[in-house]
Amino acid sequence: MSEVVKKFMYLNRKAPYGTIYAWESLEVVLIGAAFDQEVSLMFVDDGVYQLVKGQDTTGIGMKNFSPTYRTLGDYEVKTIYVDADSLAARGLTQDDLVAIAYEDMDTEEEIENIVEVVDAARVTELMDEADVVFSF
Amino acid sequence: MSILHTVNKTPFERNSLESCLKYASPGAAVLLIEDGVYAALVGSSAESLVKSGLGKVSVYVLGPDLKARGFREDRLIEGIQVVDYAGFVDLTTEHDKVQAWL
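Residue numbers (this note's numbering), protein chains in the order written: chain A, 1 to 136; chain B, 1 to 102.
One chain only, chain A, in its complex shape (with noise of 0.2 Å):
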């Protein structure tokens, strides 16, 4: 059994619905909790409309997956960051974006939202720190 912890970044650059990559990101997240890696969520350029609170899909007949953001926390994600700019170029403010809790189960430490919007640089931080960045 390896017990080297590996930091893994989800980087998401899609829109939901209009293709599928926003929802295999996510299946992948929810799979790879399983494997007890550092797992962090990075929201870039069309990749923030994922997280828009208010998703309703029920007027063209598709699966709205966008809940399923909200139980990250159960799933070990710790940290999810959107980019600053990519918001700031679409009109978007952090009002326009759902909260995500964290409970830590050990420690019963409860963090009300990890949604972090970040400016650039730190994004860059963030990317050279992951030791795997997966792209949709």
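No lab work stands behind these hints, which were simulated from the structure alone. Owing to the predicted nature of the structure, the values given are computational and were not obtained by experimental measurement. For each residue, glycine too, the CB sits at the ideal point set by N, CA and C. Accuracy of the hints is not assured; some may be wrong.
Simulated pairs of lysine to aspartate or glutamate, EDC-like, Cα-Cα distance not exceeding 20 Å [as the list claims (entries may be wrong)]:
no.: 1; chain 1: A; residue 1: K53; chain 2: B; residue 2: D74
no.: 2; chain 1: A; residue 1: K53; chain 2: B; residue 2: E34
no.: 3; chain 1: B; residue 1: K67; chain 2: B; residue 2: E94
no.: 4; chain 1: A; residue 1: K78; chain 2: A; residue 2: E110
Computed list of chain B residues with no C-beta within reach of chain A, every gap over 10 Å [unchecked claim]:
no.: 5; residue: N15
no.: 6; residue: L41
no.: 7; residue: S45
no.: 8; residue: G55
no.: 9; residue: K56
no.: 10; residue: V57
no.: 11; residue: A86
no.: 12; residue: G87
no.: 13; residue: W101
Starting from the known structure of chain A, arrange chain B on it as the hints suggest.
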């Protein structure tokens, strides 16, 4: 000959909308569908592109696609009209042909 143009990509990912607006003739109709609906929102870097387009063509957005993506009509750029699927059908019948910008 009047054309209904459809755009289904975001203006940030592709230049479909930009090309569509460039080549569409005055009086044509442009319907934003699927990921194309993001172009209809206020405050984005594509707003000026869309606003200049509104001076030349009629711009419509497909309501169910907008709602699916979490946005209400109060976030739309003024002058853009919302249609439902029946409205989409009406637009296709009112125009001589449909041209898709993929």
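Against the structure, the hints come out as follows:
no. : hint           : in the structure
1   : K53/A - D74/B  : holds, 15 Å
2   : K53/A - E34/B  : holds, 17 Å
3   : K67/B - E94/B  : violated, 25 Å
4   : K78/A - E110/A : holds, 11 Å
5   : N15            : holds, 14 Å
6   : L41            : violated, 6 Å
7   : S45            : violated, 5 Å
8   : G55            : holds, 20 Å
9   : K56            : holds, 22 Å
10  : V57            : holds, 22 Å
11  : A86            : holds, 12 Å
12  : G87            : holds, 13 Å
13  : W101           : holds, 14 Å
Going down the numbered hints, you'll see the structure goes against 3, 6 and 7, while the others check out.
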